[in-house]
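Trainee: Chains Z and P, in that order, give the protein sequences.
First residue of the first sequence: 30, per our numbering; consecutive thereafter.
First residue of the second sequence: 15, per our numbering; consecutive thereafter.
Treat the hints loosely; a few may be bogus.
[As the list claims (entries may be wrong)] If you only want the chain P side, here are some residues facing chain Z, beta carbon under 8 Å, derived:
1. 53
2. 55
3. 59
4. 62
5. 70
6. 73
7. 79
8. 102
9. 120
10. 123
11. 127
Note that these hints are calculated values from the structure, not bench results.
Computed from a predicted model, the values in this text were never measured in an experiment.
No residue lacks a Cβ here, since even glycine has one placed at the ideal position from N, Cα and C.
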Amino acid sequence: GEDVEQSLFLSVREGDSSVINCTYTDSSSTYLYWYKQEPGAGLQLLTYIFSNMDMKQDQRLTVLLNKKDKHLSLRIADTQTGDSAIYFCAESMDTGRRALTFGSGTRLQVQP
Amino acid sequence: NAGVMQNPRHLVRRRGQEARLRCSPMKGHSHVYWYRQLPEEGLKFMVYLQKENIIDESGMPKERFSAEFPKEGPSILRIQQVVRGDSAAYFCASSPTGTPQETQYFGPGTRLLVL
Chain Z
30 GEDVEQSLFL
40 SVREGDSSVI
50 NCTYTDSSST
60 YLYWYKQEPG
70 AGLQLLTYIF
80 SNMDMKQDQR
90 LTVLLNKKDK
100 HLSLRIADTQ
110 TGDSAIYFCA
120 ESMDTGRRAL
130 TFGSGTRLQV
140 QP
Chain P
15 NAGVMQNPRH
25 LVRRRGQEAR
35 LRCSPMKGHS
45 HVYWYRQLPE
55 EGLKFMVYLQ
65 KENIIDESGM
75 PKERFSAEFP
85 KEGPSILRIQ
95 QVVRGDSAAY
105 FCASSPTGTP
115 QETQYFGPGT
125 RLLVL
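Model the full assembly from the supplied sequences, consistent with the hints where possible.
Mentor: Next up, the structure:
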């Protein structure tokens, strides 16, 4: 079945690195996404990784995928106060179904 | 190039009224997805539409909810006889061709409050 889980809350100091974790259960996942949601706003696609990769880096963002453990993480280097938001991981499956399955989101709070 | 547009951004309805939520996909996109986000939860898929066709409505409640994406104009999510439990943020996403795993781009959402 489909199930994506995330920890609810993370607090870091400005300038530190943040690591947001996500686990999923469906081994047929092919793409895994990270979205950012600021208060009262929609979802902004940050990055995604294909399931045959184990790492992807994009400026301050690093995505790590451990397919054996079905574990995905998003690392934000040099975290800024503007990074405070809710971060959602989402998966899509190779069944052809277009629906994304989202986790419940991790609220990142950056302390100045 | 405008992104996905949704209106209204906020909608207040009394129990028993109808709610109509509109979504205009990004230019060149002909595939639309609707998701619902209950307070403090992640997004849950509702329905996937292509122009004039419902492709996947496996996430839609069986009663009171309907969706359409006409040949001309925006996609509409319609909720009849709203109840308090319908209060949520409703997000629309679009993609160009609907191929599996294609990136979906989200609109700002419509926040529905049922009194």
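Trainee: Restraint: residue 127 (chain P) near chain Z, CB-CB cut 8 Å. Satisfied or not?
Mentor: violated (13 Å)
Trainee: Holds or violated: the hint that residue 53 (chain P) contacts chain Z, with Cβ atoms closer than 8 Å.
Mentor: violated (11 Å)
Trainee: Can residue 123 (chain P) be said to touch chain Z, with a Cβ gap under 8 Å?
Mentor: Given a least distance of 5 Å, the restraint on residue 123 (chain P) holds.
Trainee: Would you check whether residue 70 (chain P) satisfies its interface hint, that is, whether its CB is within less than 8 Å of any CB in chain Z?
Mentor: holds (7 Å)
Trainee: With 8 Å as the cut and Cβ atoms as the points, is residue 62 (chain P) at the interface with chain Z?
Mentor: Interface hint status for residue 62 (chain P): holds (5 Å vs cutoff 8 Å).
Trainee: Was the hint right that residue 73 (chain P) lines chain Z, CB cutoff 8 Å?
Mentor: holds (7 Å)
Trainee: Verify the interface restraint on residue 55 (chain P): the C-beta must sit less than 8 Å from at least one C-beta of chain Z.
Mentor: holds (6 Å)
Trainee: Given residue 79 (chain P) as an interface hint, is its Cβ closer than 8 Å to any Cβ of chain Z?
Mentor: With a minimum Cβ separation of about 16 Å from chain Z (threshold 8 Å), the hint on residue 79 (chain P) is violated.
Trainee: Measuring from the C-beta of residue 59 (chain P) to each C-beta in chain Z, is the shortest one below 8 Å?
Mentor: Because about 4 Å separates residue 59 (chain P) from the closest Cβ in chain Z, which is inside the 8 Å limit, the hint holds.
Trainee: Any CB of chain Z closer than 8 Å to the CB of residue 120 (chain P)?
Mentor: Status holds, d = 4 Å.
Trainee: Would the hint on residue 102 (chain P) stand, with a C-beta cut-off of 8 Å toward chain Z?
Mentor: With Cβ-Cβ at 14 Å, over 8 Å, it is violated.
Hint violations for this structure: numbers 1, 7, 8 and 11, all remaining hints satisfied.
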